[in-house]
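Now for the letters of each chain:
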Amino acid sequence: MPWDSPLVADLKKQYGSGLDAQTYLGQNYLRVDRSLIPNILKQLRDKEQFDYCVDVTAVHYPKRERQFDVLWILYSFSKNERIRVKTEIADGESIPSSVDIWPTTNWLEREAFDMFGIRFEGHPDLKRILLPDGWKGHPLRKDYGIIQQDQEWVQINLGIESGQ
Amino acid sequence: MNDSTVSRLDLDTPEKTYLDANELILNMGPQHPATHGVLRVILRLDGEKVLGLECVIGYLHRGVEKIAEHRTYTMFNPYVDRMDYVAAVSNGLGYCEAVEKLLNIEAPPRANYIRVILTELNRIASHQLWLGTHALDIGAMTPLFYTFRDREEILKIFEKYCGARLTTHAFRIGGCQYETYEGFEKDVKKFVAFVAPKIDEYEELLTTNRIWVERTKKVGTISAKDCIALGVTGPVLRASGVKWDLRKAQPYAAYKQFDFDVPTGQNGDTYDRYLVRMAEMRQSLRIIQQAVDGIPEGPIMAKVSKVIKPAVGEIYHSIEAPKGELGYFIVSDGSTQPYRIRVRPPSFVNLQALDVMCRGQLVADVIAVIGTLDIVLGEVDR
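Protein sequence lines correspond, in order, to chains A and B.
Every letter in the first sequence is one number past the one before it in our numbering, and letter 70, counting from 1, is 70.
Every letter in the second sequence is one number past the one before it in our numbering, and letter 197, counting from 1, is 1197.
Because the hints were derived from the structure by calculation, they are not lab data.
Each residue gets a CB set at the ideal place from its N, CA and C atoms; glycine is no exception.
Treat the hints loosely; a few may be bogus.
Stated by the list, open to error - Straight line, CA to CA, 20 angstroms or less: simulated PhoX-like cross-link-like pairs of lysine-lysine: (1) A:K79 to B:K1066; (2) B:K1225 to A:K47; (3) A:K42 to A:K12; (4) B:K1256 to B:K1101; (5) A:K79 to B:K1156; (6) A:K142 to B:K1066; (7) A:K136 to B:K1066; (8) B:K1198 to B:K1156; (9) A:K86 to A:K63; (10) B:K1198 to B:K1186; (11) A:K79 to B:K1186; (12) A:K42 to B:K1225; (13) B:K1066 to A:K63; (14) A:K79 to B:K1198.
Stated by the list, open to error - Coverage of chain B stretches by chain A, computed from C-beta distances (three or more under 8 angstroms per stretch; other residues unrestricted): (15) 1057-1064; (16) 1236-1250; (17) 1367-1379.
Only chain A is shown next, with the shape it has when bound in the complex (with noise of 0.2 angstroms):
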């Protein structure tokens, strides 16, 4: 369903085709095109007084060209209102840091890069956080299978033959 709001209409006027609101089951959220990250996310911020960054994730969809959706969840405190924002990006395109918007997304992006392999441009230390730093692939991605494991790794650093 369409969402329409002040809000949206600002952003429309400014950004136009470039953008598309929604609203599903009472959440709203906003798709725009990756062209428009960081700056709509920095108005977001200094105009609309979405101060929280919730969360950053990702979902991988390998059937589309554009095959991850990237999505930050944005809370205001003043406004007592919650946001989503979301972009679609290829395989192996970068998308910008928020990180110097709220440096809350540090560590959030490398979550997402460490399961999704998805590179933030500008991010200070874009390393892996739950994994380890020599792991190969990305587990949250529809490819990786769920028993599937860095079997070199697991050899050489924990000398074992299989971690099953």
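Using the hints, position chain B against chain A.
Below, chain B without anything else, positioned relative to chain A:
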């Protein structure tokens, strides 16, 4: 070193200190009793002073989000208990409500009351465990015995209700599986009367205790602005003076019907966080008392089909867990298995503030700050 967070210290190395040892890298953990699990911290020190630190996490990573994609919605329910295992009931509540929202159904009032009672009991249990271990880290041994003794009474109620003490799996999508057992109300009321004076007893041990005050006041201070920038939620945010609690801001379950306050602090230091959590336990008791007095009759399960198959779409739902905002982002592709579940863990995000909170403090204070953040590594690593 992780210097991305707002540094409040001039990080220039001093000219020459004792023994010429200007900077020392010290490794702490992952096997360290004061890290509350397996957390590794790499400290950069000048003598006793912390110049900066980096957390190394992931030792407990079990791939919960990957597992979710290979289970049905119902099958995934018990897994969430194993993230924040000291507040399993809260995890279950968040997950069940998120799926209910995605299905566009609501749990019946009676189920919501039972949910509130158990979740608030769990909040007290979680805070008791935090207090005991935090005080033990700082050197006060007695509170641990007091809090564990009293926490046992909560676990007994859980056990009588659903057969499990810690990983309870107390709720189902659509309500609760179990009706309350006979004498549940009596047990809960007895517990409220029993534990209220015990909380005073903990406070008697610590609140004016000179050692406790010296070790916690002005230690690990964080401002409200830094908290918001770093996404820190829960008691840590409130102790810095932000009166924000999801139970009030965006009420879920039956919280709208109860009268309770949101305690806040002013200084954002370890002592204020201690006071806020103590006050929260008392508020939880107030909620439990009201809920158990007004528990309505009626069904405990909404009409949910045996096979849960939400329509294509996505939802984000979050609750106020004992540690902060616990959120679930669920994407459905219309099948019986979730396409993606993302857990927004409060401990993970709060732990990021450790660097900011410890800069300029002493090594011994790092222990106090880890304790006051109230992290559970099972949730940090998932």
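Here is what the structure says about each hint:
1. A:K79 to B:K1066: 34 angstroms, violated
2. B:K1225 to A:K47: Roughly 17 angstroms between the alpha carbons, so the hint for K1225 (chain B) and K47 (chain A) holds.
3. A:K42 to A:K12: Between K42 (chain A) and K12 (chain A) the Cα gap is close to 16 angstroms, so the pair holds against 20 angstroms.
4. B:K1256 to B:K1101: Holds. K1256 (chain B) to K1101 (chain B) sits at ~17 angstroms (cutoff 20 angstroms).
5. A:K79 to B:K1156: 42 angstroms, violated
6. A:K142 to B:K1066: 9 angstroms, holds
7. A:K136 to B:K1066: Distance of about 16 angstroms is within 20 angstroms: holds.
8. B:K1198 to B:K1156: Roughly 17 angstroms separates the two Cα atoms, so the pair holds.
9. A:K86 to A:K63: 18 angstroms, holds
10. B:K1198 to B:K1186: Satisfied, since the Cα-Cα distance of roughly 19 angstroms is no more than 20 angstroms.
11. A:K79 to B:K1186: 41 angstroms, violated
12. A:K42 to B:K1225: 17 angstroms, holds
13. B:K1066 to A:K63: Holds - the C-alpha atoms of K63 (chain A) and K1066 (chain B) are around 19 angstroms apart, at most 20 angstroms.
14. A:K79 to B:K1198: With Cα atoms ~39 angstroms apart, K79 (chain A) and K1198 (chain B) exceed 20 angstroms; violated.
15. 1057-1064: holds (count 4)
16. 1236-1250: Coverage by chain A holds for the segment 1236-1250 of chain B (4 residues, Cβ < 8 angstroms).
17. 1367-1379: violated (count 0)
Violated hints, in rising order: 1, 5, 11, 14, 17; the structure is consistent with all others.
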